[in-house]
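Produce the complete structure using the sequences and hints provided.
Same order as they appear, the protein sequences are chains V and R. Everything in the first sequence is counted per this note's numbering, starting at 5 for the first residue and increasing by one. Everything in the second sequence is counted per this note's numbering, starting at 26 for the first residue and increasing by one.
It is worth saying that the hints were derived from the structure and are not from the lab. Owing to the predicted nature of the structure, the values given are computational and were not obtained by experimental measurement. Using N, Cα and C, we set each Cβ at its ideal position, and we do this for glycine too. A couple of the hints might just be wrong.
[What the hints assert, rightly or not] 27 Å max Cα-Cα, derived DSS-like pairs, lysine-lysine:
| id | chain 1 | residue 1 | chain 2 | residue 2 |
| --- | --- | --- | --- | --- |
| 1 | V | 99 | V | 73 |
| 2 | R | 63 | V | 53 |
| 3 | R | 61 | V | 99 |
| 4 | R | 34 | V | 113 |
| 5 | R | 44 | R | 63 |
| 6 | R | 66 | V | 53 |
| 7 | R | 61 | V | 113 |
| 8 | R | 78 | R | 61 |
| 9 | R | 47 | R | 78 |
| 10 | V | 117 | R | 65 |
| 11 | R | 78 | V | 113 |
| 12 | R | 61 | V | 53 |
| 13 | R | 44 | V | 53 |
| 14 | R | 34 | R | 65 |
| 15 | R | 61 | R | 44 |
| 16 | R | 47 | R | 63 |
| 17 | V | 117 | R | 66 |
| 18 | V | 113 | R | 65 |
| 19 | V | 113 | V | 72 |
| 20 | R | 65 | V | 99 |
| 21 | R | 34 | R | 47 |
| 22 | V | 113 | V | 73 |
| 23 | R | 66 | V | 62 |
| 24 | V | 117 | V | 73 |
| 25 | V | 99 | R | 63 |
| 26 | R | 66 | V | 113 |
| 27 | R | 44 | R | 66 |
| 28 | V | 99 | R | 78 |
| 29 | V | 99 | R | 66 |
[Said to hold, decoys possible] A few chain R residues facing chain V, derived, Cβ under 7 Å:
| id | residue |
| --- | --- |
| 30 | 67 |
| 31 | 115 |
| 32 | 124 |
| 33 | 125 |
| 34 | 128 |
| 35 | 129 |
| 36 | 130 |
| 37 | 131 |
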Amino acid sequence: AQSVTQLGSHVSVSEGALVLLRCNYSSSVPPYLFWYVQYPNQGLQLLLKYTSAATLVKGINGFEAEFKKSETSFHLTKPSAHMSDAAEYFCAVSKMDSNYQLIWGAGTKLIIKP
Amino acid sequence: DTEVTQTPKHLVMGMTNKKSLKCEQHMGHRAMYWYKQKAKKPPELMFVYSYEKLSINESVPSRFSPECPNSSLLNLHLHALQPEDSALYLCASSRVGTDTQYFGPGTRLTVL
Numbered sequence: 005a006q007s008v009t010q011l012g013s014h015v016s017v018s019e020g021a022l023v024l025l026r027c028n029y030s031s032s033v034p035p036y037l038f039w040y041v042q043y044p045n046q047g048l049q050l051l052l053k054y055t056s057a058a059t060l061v062k063g064i065n066g067f068e069a070e071f072k073k074s075e076t077s078f079h080l081t082k083p084s085a086h087m088s089d090a091a092e093y094f095c096a097v098s099k100m101d102s103n104y105q106l107i108w109g110a111g112t113k114l115i116i117k118p
Numbered sequence: 026d027t028e029v030t031q032t033p034k035h036l037v038m039g040m041t042n043k044k045s046l047k048c049e050q051h052m053g054h055r056a057m058y059w060y061k062q063k064a065k066k067p068p069e070l071m072f073v074y075s076y077e078k079l080s081i082n083e084s085v086p087s088r089f090s091p092e093c094p095n096s097s098l099l100n101l102h103l104h105a106l107q108p109e110d111s112a113l114y115l116c117a118s119s120r121v122g123t124d125t126q127y128f129g130p131g132t133r134l135t136v137l
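Here it is, written out as structure tokens:
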């Protein structure tokens, strides 16, 4: 069965520092992978997605993620954190037996220290 | 335009009330979804509509009744809810056969 693991329920970084949010997946075939962001009291916004084209995917708000098949990882990074990046981040993988369902990681809360 | 709208933004209801949540999108998507999200948790899929027909019901209690009156609208009718049903209810849409779902802002539901 497919699964998604996000390492760290909370990640705290200083403003201006590198942001690294970790996501590992288990899948027998290369899946489609997504990062969503959820700001407080809001819905989920698509940050970026991997769909077997380029392994380095650029998203909105300066975020990017690299698909590494050998490590079954899809970590999210941003070179310089901004206070406005404080939010909950979810990694998700598509269920290969259904085009409709996403398997979600537990989420990582990103905290930005001034 | 990648906007999904949801109304109302907040809803407080008693356990005997009947209310409805509304979702609308104008992206031409023919797949629409209802999710329930509890605090600090990922969203849980409730229902999926494809071409206005219910295709997935994730064993949701019958007190939740979805409806898709046309390709742009999705409703969730609520009746006799329990306090544990209090959550953020999210609507999403996508093209059929793709995984990229676009979410609305959600309705914060409180059941007293």
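Earlier hints that do not hold, by number: Result: hints 11, 13 and 24 break, sorted rising.
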